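Chemist: One-letter residues, chain by chain:
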Amino acid sequence: MTSASPSLTPLPAASGEPSALAEITQETLALTRRLFVQLARRPSTLVAGVLQPLIWLVLFGALFANAPEGLLPGGISYGRFLGAGVIVFTAFSAALNAGLPVMFDREFGFLNRLLVAPLRSRSSIVFASVLYITSLSLVQSLAIMGTAALLGYGWPGGAGLLLVLVTLLLLVFAVTALSLGLAFALPGHIELIAVIFVANLPLLFASTALAPISFMPPWLGWLAALNPLTFAIEPIRAAYAGSFHLTDVVLVAPYGSLTALTCLAILAGLAAGLFLLIRPMLDRKLT
Amino acid sequence: MIELEHLSKRFGGRKVAPVQALDDLSLSVPAGSLYGLLGPNGAGKTTALRILCTLLAPDAGQVRVAGVDALAEPRAVRRLLGYVAQEVAIDKILTGRELLHLQAALHHMGAADRLERTAELIELLTMGDWIDRRCGGYSGGMRRRLDLAAGLLHRPRVLVLDEPTVGLDIESRATIWQVLRQLRDQGTTVLLSSHYLEEVDALADRLAIIDGGRVIAEGTPAALKGALGGDRVTLRVREFSDEQEASRVRDLLQACRGVRQVVVNRAQGYSLNLVVEDSGVVETLRQQLAEAQLPVFALAQSRPSLDDVYLQATGRTLSDAELSVAGRRDLKEERKQSMR
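Sequence lines, in order, name chains A and B. Residues 1 to 287 in my numbering are what the first sequence lists, from first letter to last. Residues 1001 to 1340 in my numbering are what the second sequence lists, from first letter to last.
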């Protein structure tokens, strides 16, 4: 019983602050670990998350199986065209839902536990969600890519795989930041789910996931050419098309042609911008 | 150790009528004491504690913990504080041990320290039998004990507890009381809020009574009760008396030396409540009643309680205050405020 004696010196930290990086890493990994333990004990999220895009791929891919050859730019089959769209849409949906666990933490008071703790940086909460969602998306994407390969839709190859990875990371970071921002800004999970529901499918249809811009009326083409999903889809589609360079044009938009590098730069800018935008919300505690 | 100076906080505004949760509240908690914050629900206890724990910013006022300005250096204060919130914040998917390990990482504890501290607290709060089960299956008492362990994990110098024993079984409550006393004896400053009179009376070295967002009385329980003076006596001549008899007895009592404030309590079958200056007076009362040929069905005598202190300061009892406040609160709005 005497073991509970609280020492009168504040904390071991008093003898020289450990490095910020080490502390942020410790916080982030502990929070990420929690998310993975939850996933392992409630695997239905993972099972559904992998199955759903596969169903998309098989059913949607088959929908246009008998479309006239040469209909799509570059003469590729619809299934091969669709692969990139399904990968991006899956990662996007997962990231858009990243705010939900945080919202439930808010509602159940668990977030207070994090906010009362002397976190070195509250960005750790964002980093943990990004790490978790990125890993999840990676598993989903590999499943999609494997299935696509089995269906004869091709495989991106080594450098292509790296490009797929970088693109997904940027998109997931941006959308996760957005979703966490919503989780702090909206009053409750009902509202958050409503926003996710409203944003999800229209963003899919107003992108190049299901059809190229050349199929669309001008107004929709403009929307698709401004949609962040398109900037993620086109580099991945290029990676699937075989040999490519980062400076190749991947998107012919109404306002001009964009290279893969430009697309990635836009995504990176978006990720950085959204992260900077939601940071103050995390520190809002003293307002 | 804890200094709250002139804290004000107002909630609501645009859509709902604003509520002044704190109104120039000042409080000083000495180091190493077990300090109680007593008041009815809605008095502002939780708001004050949330401001102290850097979860909420006051509209005005200063907060210092061990000399550190909580508004300027919130992270330094978070290191000093352990906070056990009113709503137990656990993740039902994790086991108790996993929750403690997560908490350790959030406080940047090393692996060896984490294991040692976890083992100590499991023993201290007797959680050994169930700590490796998932929190979802815990009873209220188990959750509260785990929550207390999480608050103590990093050896805080100041432990803040918001209504720590509400709705608990007797065994868990006794365990928590014992641990709090032990912590105080070992030098931790403990600040707890409660709307249970007995809890604050039994535990606290000092207390502040809060009402309407301000401190209305402050001191040791004995000093506060002693300041009122006299004993409380409840007298019933019959189980159910009538108004006529009650007023006859009242006149008789008022004539006695050393008797103050005789009140007829209609709701309690015309019983009489009075304050006597010392216990000797009660004997005189019995004699006088016997001489007047009046029976005594019941005669209860007690030292003044903290409820009497509250009654003296506000003109109503704590339970009456709870009822009147309950109607004025906007719980939905409060819930929104507590969600961060």
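Watch out, some of these pointers could steer you wrong.
[Claimed, not checked] Computed Cβ-Cβ distance ranges for the label pairs, DEER-style: (1) Gly-1137/B - Leu-246/A: 50 to 58 Å; (2) Val-1166/B - Ile-193/A: 43 to 51 Å; (3) Glu-1116/B - Leu-21/A: 45 to 53 Å; (4) Gly-1012/B - Ile-196/A: 26 to 34 Å; (5) Asp-1185/B - Glu-191/A: 30 to 38 Å; (6) Ser-1319/B - Phe-197/A: 55 to 63 Å; (7) Ile-196/A - Ala-1227/B: 58 to 66 Å; (8) Lys-1092/B - Pro-280/A: 29 to 37 Å; (9) Ile-196/A - Ala-1031/B: 48 to 56 Å; (10) Gly-75/A - Gly-1137/B: 32 to 40 Å; (11) Asn-1273/B - Asp-283/A: 53 to 61 Å; (12) Ser-1008/B - Ser-257/A: 34 to 42 Å; (13) Glu-1116/B - Thr-25/A: 53 to 61 Å.
[Said to hold, decoys possible] Far from chain B, by Cβ distances over 10 Å, these chain A residues were calculated: (14) Pro-18; (15) Gln-26; (16) Gln-38; (17) Gly-109; (18) Phe-110; (19) Ala-117; (20) Pro-118; (21) Ala-211; (22) Arg-279.
Because the hints were derived from the structure by calculation, they are not lab data. None of these values were measured; they are calculated from a predicted model. We put the CB at the ideal spot given by N, CA and C, even for glycine.
Chemist: All the hints need checking, so say for each whether the structure fits it.
Modeler: So, going through the hints one by one against the coordinates:
Under the hint 50 to 58 Å, the C-beta atoms of Gly-1137/B and Leu-246/A, about 53 Å apart, fit the expected range. A beta carbon spacing of about 32 Å between Val-1166/B and Ile-193/A contradicts the range 43 to 51 Å that was offered as a hint. At roughly 25 Å, the beta carbons of Glu-1116/B and Leu-21/A sit outside the given window of 45 to 53 Å. The hint said 26 to 34 Å for the Cβ distance between Gly-1012/B and Ile-196/A, and at roughly 29 Å that hint holds.
The given range of 30 to 38 Å is broken by Asp-1185/B and Glu-191/A, whose C-beta atoms sit roughly 48 Å from each other. For Ser-1319/B paired with Phe-197/A, a C-beta distance near 47 Å fails the hint of 55 to 63 Å. Distance hint for Ile-196/A and Ala-1227/B: a CB-CB separation of about 59 Å, consistent with the stated range 58 to 66 Å. Lys-1092/B and Pro-280/A have their C-beta atoms about 31 Å apart, which keeps the hinted 29 to 37 Å range intact.
Checked against the hint of 48 to 56 Å, the C-beta distance between Ile-196/A and Ala-1031/B comes to roughly 49 Å, which is consistent with it. About 60 Å separates the C-beta atoms of Gly-75/A and Gly-1137/B, a value inconsistent with the hinted range of 32 to 40 Å. Separation of Asn-1273/B from Asp-283/A is about 54 Å and conforms to the stated range, judged on CB atoms against 53 to 61 Å. With their beta carbons about 60 Å apart, Ser-1008/B and Ser-257/A fall outside the hinted range of 34 to 42 Å.
The hinted window of 53 to 61 Å between Glu-1116/B and Thr-25/A is violated, with their beta carbons roughly 22 Å apart. Consistency note on Pro-18/A: stated as away from chain B, yet its beta-carbon is not over 10 Å from all of that chain's, at 7 Å minimum. Consistency note on Gln-26/A: stated as away from chain B, yet its beta-carbon is not over 10 Å from all of that chain's, at 5 Å minimum. Residue placement check: Gln-38/A does not keep its beta carbon more than 10 Å from all beta carbons of chain B (closest about 5 Å).
For Gly-109/A, the shortest C-beta to C-beta distance to chain B comes to about 4 Å, within the 10 Å cut-off, and the non-interface label is violated. Some Cβ of chain B comes within 10 Å of the Cβ of Phe-110/A; the nearest lies about 5 Å off, and the non-interface call is violated. Its beta-carbon lying about 4 Å from the closest one in chain B, Ala-117/A breaks the requirement of being farther than 10 Å from that chain. The Cβ of Pro-118/A does not lie farther than 10 Å from every Cβ of chain B; its closest approach is about 4 Å, which violates its non-interface assignment.
No Cβ of chain B comes within 10 Å of the Cβ of Ala-211/A; the nearest lies about 41 Å off, and the non-interface call holds. Listed as outside the interface, Arg-279/A is consistent with that label: its C-beta sits roughly 15 Å from the nearest C-beta of chain B, beyond the 10 Å cut-off.
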